[in-house]
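Fit chain Y to the known structure of chain H by using the hints.
Protein chains: 2
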Amino acid sequence: MDQSASSAAREAATSESGGTAPTLHVCVTCLAGEDRETVPRAGRRLHDGLVDALRRQADPATFRIVEAECLSNCNRGCSVALSGPGRWSYVYGDLNQTSVDDLLAGASRYAATTDGLVPWRERPTIFRKGVIARVPPSI
Amino acid sequence: MDQSASSAAREAATSESGGTAPTLHVCVTCLAGEDRETVPRAGRRLHDGLVDALRRQADPATFRIVEAECLSNCNRGCSVALSGPGRWSYVYGDLNQTSVDDLLAGASRYAATTDGLVPWRERPTIFRKGVIARVPPSI
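Line by line, the protein sequences give chains H and Y. For the record, in the first sequence the residue sitting at position 15 is 15 according to our numbering, with numbers rising by one throughout. For the record, in the second sequence the residue sitting at position 133 is 133 according to our numbering, with numbers rising by one throughout.
To be clear, the hints were calculated from the coordinates, so they are not data collected in a lab. Please note: incorrect hints may appear among the correct ones.
When chains are identical, the list treats them as one kind, so a pair holds in a single copy or across two.
[As the list claims (entries may be wrong)] Taking lysine to any residue and the SDA-like style, the derived pairs with C-alpha atoms no more than 20 Å apart in a straight line are:
{"hint": "1", "residue 1": "129", "residue 2": "44"}
{"hint": "2", "residue 1": "129", "residue 2": "74"}
{"hint": "3", "residue 1": "129", "residue 2": "69"}
{"hint": "4", "residue 1": "129", "residue 2": "60"}
{"hint": "5", "residue 1": "129", "residue 2": "76"}
{"hint": "6", "residue 1": "129", "residue 2": "57"}
{"hint": "7", "residue 1": "129", "residue 2": "75"}
{"hint": "8", "residue 1": "129", "residue 2": "72"}
{"hint": "9", "residue 1": "129", "residue 2": "117"}
{"hint": "10", "residue 1": "129", "residue 2": "119"}
{"hint": "11", "residue 1": "129", "residue 2": "100"}
For reference, chain H alone in the conformation it holds in the complex (with noise of 0.2 Å):
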């Protein structure tokens, strides 16, 4: 993981939003069917992906890239999770390094709803087809 990329991007979408800023949690230790010796694992290189592509983006985030460990669905990881409070939570799976952009994108526009619930057309492909569960806000 690189530190200080990880940071910054929490940094800047806590800056951005006043605290309210929602995360995508990243499941790191998922397998995705690969041997259990594989260094670095499907979900860690996932993770670094993201936070380096967020990296480079010229806009400041408006959410964070968290690290999780298991979001409980091993048969199709690697798996995210976005949430935040006052959202609907959403889990996705399906997901490997060919997913970045896409993942970064529906984000964003999750980030930019109040309640977490990003109209249908504007969902990236692999958000309608990789869901894998989604939970009410919390009241």
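Same frame as chain H, now just chain Y:
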């Protein structure tokens, strides 16, 4: 839906915990493989069974039961989600009306935690086998 029972459960949960009680969302639109014309739907029957059973319990509820429309787990419904401020959220599937007692027991154990992490051995079998995904707490 039995509105009075649901309201009573909600009020009890709120009173118990100072407003931080977790929520058991139940997808009431789930067909669970049944014909679309079947009324009430499988998800609605599960919801109503949970509300009725919670009402019969002697102890005050420590969690709310709230209706949801689609938890995006249609292939493995019926579905519920457990969530609450500061807690991991969990989505469970493969549920039906025989799951009611175990669901209430599992939700009570979840409500007794501060982070949503119930030790593996204390989780009902339906939670161990039917977990669909989980989401870290919002930060």
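* **Hint numbers contradicted by this structure** => 1, 4, 6
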